[in-house]
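The task is simple: from the sequences and hints, build the whole structure.
Line order of the protein sequences matches chains D and Y.
Under the working numbering, the first residue of the first sequence is numbered 7, with each subsequent residue one higher.
Under the working numbering, the first residue of the second sequence is numbered 2, with each subsequent residue one higher.
To be clear, the hints were calculated from the coordinates, so they are not data collected in a lab.
Careful, some of the hints might be misleading.
[What the hints assert, rightly or not] Listed next, the in silico BS3-like pairs over lysine-lysine satisfying Cα-Cα at most 30 Å (straight line): (1) Lys209(Y) with Lys151(D); (2) Lys192(Y) with Lys190(D); (3) Lys309(Y) with Lys105(D); (4) Lys209(Y) with Lys149(D); (5) Lys20(D) with Lys113(Y); (6) Lys232(D) with Lys244(D); (7) Lys303(D) with Lys352(D); (8) Lys306(Y) with Lys15(D); (9) Lys149(D) with Lys192(Y); (10) Lys20(D) with Lys192(Y); (11) Lys20(D) with Lys311(Y); (12) Lys107(D) with Lys192(Y); (13) Lys205(D) with Lys192(Y); (14) Lys107(D) with Lys306(Y); (15) Lys322(D) with Lys352(D); (16) Lys232(D) with Lys306(Y); (17) Lys300(D) with Lys287(D); (18) Lys192(Y) with Lys187(D); (19) Lys309(Y) with Lys15(D); (20) Lys209(Y) with Lys105(D); (21) Lys309(Y) with Lys107(D); (22) Lys348(D) with Lys322(D); (23) Lys324(D) with Lys300(D); (24) Lys107(D) with Lys113(Y); (25) Lys15(D) with Lys192(Y); (26) Lys309(Y) with Lys20(D); (27) Lys244(D) with Lys205(D); (28) Lys338(D) with Lys322(D); (29) Lys190(D) with Lys205(D); (30) Lys203(D) with Lys309(Y); (31) Lys362(D) with Lys190(D); (32) Lys192(Y) with Lys232(D); (33) Lys113(Y) with Lys15(D); (34) Lys306(Y) with Lys20(D); (35) Lys192(Y) with Lys105(D); (36) Lys192(Y) with Lys309(Y); (37) Lys15(D) with Lys311(Y); (38) Lys192(Y) with Lys151(D); (39) Lys362(D) with Lys338(D).
Predicted model only: the values in this text are computed from it and were never measured.
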Amino acid sequence: MLEIRDIFKTYDGKPLLRGISFSVSQGETICLLGASGSGKSTLLRMIAGLEFPESGHILFNEIDLAQTPPHARDFGLVFQDYGLFPHLNIFDNVAFGLKMKALESNSLLFGLSRQHPQGKRAVGLQTRVAEMLELVNLQGFEKRKVTDLSGGEQQRVALARALAPQPRLLMFDEPLGALDKSLKEDLLNQLRAILRKTKIPAIYVTHDQDEAFAIADRILLLHDGKIIRDGTPAEVWKNPNSVWAARMLGMGNVIDGVVTSSSAQGGVPAAEDGDESYFIKTDVGVFTLNCKHKHPKGEKISLLLKQSEDGVDEVKLKVEDVLFDRDQFQVKTGSGLVIHMKDAPKVGLVVRVRVKVECLA
Amino acid sequence: MQNNMLNHEGTETLTQAQKAGKSNLGAFVPSWFSRFLLWLAPLLFLLVFFFQPLARIITLVFSASAFTEINFQLILSTLSFTFYQAALSTILTFLLGIPSAILFSRFNFGGKSLLRALTAVPFMLPTVVVASCFNALLGNHGWLFFLFPLSPEFTTSKTFYFLLILLAHIFYNTTIVIRIVGNALLRLDPKLEQIARSLGADTFHVWKNVTLPLLRPALLAAALLVFMFDFTSFGVILLLGGSNFSTLEVEIYLRVLKLPNLPLAALLSIIQLIFTLIFSILYTRTINQVTTQTAPRFSTSRLPKTPKEKIFVATLGILLSAFFVLPLLSLPVRSFTRLEADRGQRGAVQYGFTTDYYQELFINRRDSLFYVPPIQAAANSLGYASLTVLFSLVLGYPAAYALAKPTRLEKFLDPLIMLPLGASAVMLGLGFIISFGRSLASPWFVPIAHTLVALPFVIRTLQPALASIPERLRQAASTLGASPFRVWQTVDFPILSRATLGAATFAFTVSLGEFGATLLLTRPEYPTIPIAIQRFLSQPGGLSYGQAMAMATLLMLLTTLAILIIEKLRLSNAGEF
Chain D
7 MLEIRDIFKT YDGKPLLRGI SFSVSQGETI CLLGASGSGK STLLRMIAGL
57 EFPESGHILF NEIDLAQTPP HARDFGLVFQ DYGLFPHLNI FDNVAFGLKM
107 KALESNSLLF GLSRQHPQGK RAVGLQTRVA EMLELVNLQG FEKRKVTDLS
157 GGEQQRVALA RALAPQPRLL MFDEPLGALD KSLKEDLLNQ LRAILRKTKI
207 PAIYVTHDQD EAFAIADRIL LLHDGKIIRD GTPAEVWKNP NSVWAARMLG
257 MGNVIDGVVT SSSAQGGVPA AEDGDESYFI KTDVGVFTLN CKHKHPKGEK
307 ISLLLKQSED GVDEVKLKVE DVLFDRDQFQ VKTGSGLVIH MKDAPKVGLV
357 VRVRVKVECL A
Chain Y
2 MQNNMLNHEG TETLTQAQKA GKSNLGAFVP SWFSRFLLWL APLLFLLVFF
52 FQPLARIITL VFSASAFTEI NFQLILSTLS FTFYQAALST ILTFLLGIPS
102 AILFSRFNFG GKSLLRALTA VPFMLPTVVV ASCFNALLGN HGWLFFLFPL
152 SPEFTTSKTF YFLLILLAHI FYNTTIVIRI VGNALLRLDP KLEQIARSLG
202 ADTFHVWKNV TLPLLRPALL AAALLVFMFD FTSFGVILLL GGSNFSTLEV
252 EIYLRVLKLP NLPLAALLSI IQLIFTLIFS ILYTRTINQV TTQTAPRFST
302 SRLPKTPKEK IFVATLGILL SAFFVLPLLS LPVRSFTRLE ADRGQRGAVQ
352 YGFTTDYYQE LFINRRDSLF YVPPIQAAAN SLGYASLTVL FSLVLGYPAA
402 YALAKPTRLE KFLDPLIMLP LGASAVMLGL GFIISFGRSL ASPWFVPIAH
452 TLVALPFVIR TLQPALASIP ERLRQAASTL GASPFRVWQT VDFPILSRAT
502 LGAATFAFTV SLGEFGATLL LTRPEYPTIP IAIQRFLSQP GGLSYGQAMA
552 MATLLMLLTT LAILIIEKLR LSNAGEF
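So this is what it looks like as structure tokens:
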């Protein structure tokens, strides 16, 4: 459906996007995850036709959109600060896109003699708006004023407004950024259900990894003007593949180390699944890394350290601080690593933890 | 003219000041007696020189035979013409102002801030200067007539004069539209238009369904203000149109000096006052709607991209530059250029550089208009202006001190203090004449009338500055061992000196340019610059005309200097009035 090909864009003379390519297929929700200022909103605005790439193409159903103005693209937009029209009530906000569509499909000739169809369409408009409001759980809100609504309600109206004209694509620019946590989760669930029901392809832009994992069929990590990771939430979580991605996803324990010996050289017993095995020396201790990649001796690499019952290595860590974290405890240790434990250890105690390491290359 | 606009902006700062004053009110409440002393002088002054004349005007209306059939018809025709010319001027001002507001709020281009500043210049100039500018450019002795000899039938026709008046009104008020509507455009969240576009609205429907409805309060406020200024316009209409066009203001003037009928003049001025008050109230209401829509400011201006945008920016940029530069330039250049036949050389037009018009100002000719060298008018103006500064500061300071920390008394007195702004200058003059007799032996009445006009502003300039001095700063200074005088010297004075200078400059400029009241009150041997210009312009002959130009150039120079001082103070204050 939507295909983005090799988009380049500079901002204030600095490269912002350096060759972005991806595609979105029918019914798919993709999530663009990146730090603020990474150009993800700009990318969204380009897809909407509000900005233009310096090079590259945006296609929908194989048709290049370069000459299509925003109002003819049929792409819905939802912003963080809702963007409801303050001079219109809820009904007119939701009906806005429908009215514009009706104007467009009615040629001038029809427009002049529309006394009769007017009544019919008005009824259609009423039911469609009511349907949309029901979809976002705001039945009967038609007559309310925008200013009378809470943030969460406003965002649901914005969603209903974007959905009403049945867009070919929906775009969300940090839609839940201004809402508090519990409301966010609630809306996220509703949104996922709606997207599944309507099968409208969607691009969701955020810097919050929790939102991304909760809503996305596919996650795209945007860093330094490029997409550095593209995969399902499970794939991305399992193999973030870079230090930046691991940090962006809030995976925490990233440590630097040096390769001291490898199975290829016979210094380490080979792993069972045919991967190479390496010994990595770090500040915290020596770890065994099983990895598909070739790492020469002496190479400096970054490791993602995961707590795991069946891990090969064991680390001794001195407890510095203990935080309650729902059904477990978050333990900060002297080496800067953070681990999770069922029972709260005493501060100052040394604990032993089984861990597994992955290479972030 | 600038009075009312500034009054509005002053009101905004006032509410802030009132809030600020309220929060530390408990710290320093003067007793009722000191409040009484603060109010004594300013209230007494207003009572004698504003409310008493106002009451006289009202009683005159009801006691004398103002309500006659003839008067009724005259009032009706005057009123309808006043409305007609004001409505037409407003519409034309919007035709230029709306595209200009879009130009300044949506696009970036070279020389933008200069051009924007240029459009604001006329608003601060005295009406006589603006009238002289247009006279120099398009009048019968002006550049247009010299470069393109038009048919005299056209250039002496009523239509031509009316055209001049309309142009001068546009010239004056376009900046209001640019400011109010342009700022509203800047405050508009660009996301709303983007969403509308993504919902299928093309450029036209985005304007019709989103932008225009959101701009409505701003458009209405701008329209009301422009209309009010055009409705009360006096100097421009009298100087450019002669007595061909009788608006309410002109008619009042005529009924005082030319065809004396004081009851009629009184009735007209009451009608005028009522309309001005209605407009002011409507304007205050709508402008409050505009300012309450405060969203963060969005910077949406950018370089023009498409060919259409480039043509728009270039055309309008050139048009605006020409429209605002040409009149401002033609006046000073005309004052140094001879464009007519010399005495005794009928027909032979000579032109070239000359300083005659200026030299002539210093000569006391026997057949001249005055009993003194015309330059004496400049000296009179400066003297009156200095007196106005003195009076308005002496009266304004105590009132501003009291208003800076308002109690219930001040909330009641505040609108009363501002009421003179609603009265036209001509009406002030009429009130003086009715109250103090036609002879008006004392030249003191001129600076007193000027003070009435300047006082609201002086108060509005001083009051926020006084309210902005944090009580904590004073307390901190005194706990650090400063005596009350030291506290005043180190805390109050640095803040106040700037505001005082600003207020003084205002009062000075107001007095320099004041035309309406002065025209009614001044004695022939004490003309001011605007009066001299008016007298020169109403005389035939190239020399008088040249002298009018020279005088107007002088006044323009003085006013520009004052504007520069105010602007400099405002910039270093880093805030708006």
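We went through each hint and held it up to the structure:
At roughly 20 Å between alpha-carbon atoms, Lys209(Y) and Lys151(D) fall within 30 Å of each other, so this suggested pair holds. Between Lys192(Y) and Lys190(D) the alpha-carbon distance is near 22 Å, which keeps this suggested pair within the 30 Å criterion. For the proposed pair Lys309(Y) and Lys105(D), the alpha carbon gap of about 28 Å is at most 30 Å, so the pair holds. For a cut-off of 30 Å, the pair hint linking Lys209(Y) to Lys149(D) stands: about 22 Å separates their Cα positions.
A C-alpha spacing of about 26 Å is found between Lys20(D) and Lys113(Y), which places the hinted pair at or below 30 Å, so the restraint holds. For the given pair, Lys232(D) sits about 21 Å from Lys244(D) by alpha-carbon distance, which is consistent with the 30 Å threshold. With a C-alpha separation of about 39 Å, the suggested pairing of Lys303(D) with Lys352(D) is violated against the 30 Å cut-off. Between the alpha carbons of Lys306(Y) and Lys15(D) the distance comes to roughly 17 Å, so the proposed pair stays at or under 30 Å and holds.
Simply put, Lys149(D) and Lys192(Y) have alpha-carbon atoms about 23 Å apart, close enough for the 30 Å limit, and the pair holds. Of the pairs offered as hints, the one joining Lys20(D) and Lys192(Y) holds, with about 24 Å between alpha carbons and a cut-off of 30 Å not exceeded. A C-alpha spacing of about 26 Å is found between Lys20(D) and Lys311(Y), which places the hinted pair at or below 30 Å, so the restraint holds. With a C-alpha separation of about 20 Å, the suggested pairing of Lys107(D) with Lys192(Y) holds against the 30 Å cut-off.
Taking the CA atoms of Lys205(D) and Lys192(Y), the gap is about 26 Å. The hint holds against a cut of 30 Å. Distance restraint check for Lys107(D) and Lys306(Y): the Cα-Cα separation of roughly 28 Å lies within the 30 Å cut-off, and the hinted pair is therefore satisfied. For the hint pairing Lys322(D) with Lys352(D), the CA-to-CA distance comes to about 14 Å; that is within 30 Å, so the pair holds. For the given pair, Lys232(D) sits about 28 Å from Lys306(Y) by alpha-carbon distance, which is consistent with the 30 Å threshold.
At most 30 Å may separate the alpha-carbon atoms for a hinted pair to count; Lys300(D) and Lys287(D) meet this at roughly 17 Å. A distance of roughly 25 Å separates the Cα atoms of Lys192(Y) and Lys187(D); the hinted pair therefore holds under the 30 Å criterion. Taking the CA atoms of Lys309(Y) and Lys15(D), the gap is about 24 Å. The hint holds against a cut of 30 Å. Our distance criterion of 30 Å between C-alpha atoms is met by Lys209(Y) and Lys105(D), whose separation comes to about 13 Å.
Under the criterion of a C-alpha separation no larger than 30 Å, the hint pairing Lys309(Y) with Lys107(D) is consistent with the structure, at around 26 Å. Restraint check for Lys348(D) and Lys322(D): the C-alpha separation of about 17 Å stays at or below 30 Å, so the hint holds. About 33 Å separates the Cα atoms of Lys324(D) and Lys300(D), which puts this hinted pair outside 30 Å; it is violated. Between Lys107(D) and Lys113(Y) the alpha-carbon distance is near 39 Å, which puts this suggested pair outside the 30 Å criterion.
With a CA separation close to 21 Å, the supplied pair Lys15(D) and Lys192(Y) stays within the 30 Å bound. A C-alpha spacing of about 28 Å is found between Lys309(Y) and Lys20(D), which places the hinted pair at or below 30 Å, so the restraint holds. Only pairs whose Cα atoms come within 30 Å are accepted, and Lys244(D) paired with Lys205(D) is accepted, the gap being roughly 27 Å. Annotation: proposed proximity of Lys338(D) to Lys322(D) holds, straight-line Cα distance about 13 Å (limit 30 Å).
Restraint check for Lys190(D) and Lys205(D): satisfied, since their Cα atoms lie roughly 22 Å apart, inside the 30 Å limit. With a C-alpha separation of about 43 Å, the suggested pair Lys203(D) and Lys309(Y) falls outside the 30 Å cut-off, and the hint is violated. Between Lys362(D) and Lys190(D), the direct Cα distance comes to roughly 33 Å. Violation of the 30 Å bound is thereby established for this hinted pair. Restraint check for Lys192(Y) and Lys232(D): satisfied, since their Cα atoms lie roughly 26 Å apart, inside the 30 Å limit.
Proposed proximity of Lys113(Y) and Lys15(D) is supported: the alpha carbons are some 28 Å apart, at most 30 Å. With a C-alpha separation of about 20 Å, the suggested pair Lys306(Y) and Lys20(D) falls inside the 30 Å cut-off, and the hint holds. Between Lys192(Y) and Lys105(D) the CA atoms are separated by roughly 19 Å; this keeps the pair inside 30 Å, and the hint holds. A C-alpha spacing of about 23 Å is found between Lys192(Y) and Lys309(Y), which places the hinted pair at or below 30 Å, so the restraint holds.
For the suggested pair Lys15(D) and Lys311(Y), the alpha carbons sit about 23 Å apart, so the restraint of at most 30 Å is met. Simply put, Lys192(Y) and Lys151(D) have alpha-carbon atoms about 19 Å apart, close enough for the 30 Å limit, and the pair holds. The suggested pairing of Lys362(D) with Lys338(D) holds, with an alpha-carbon distance near 18 Å, which does not exceed 30 Å.
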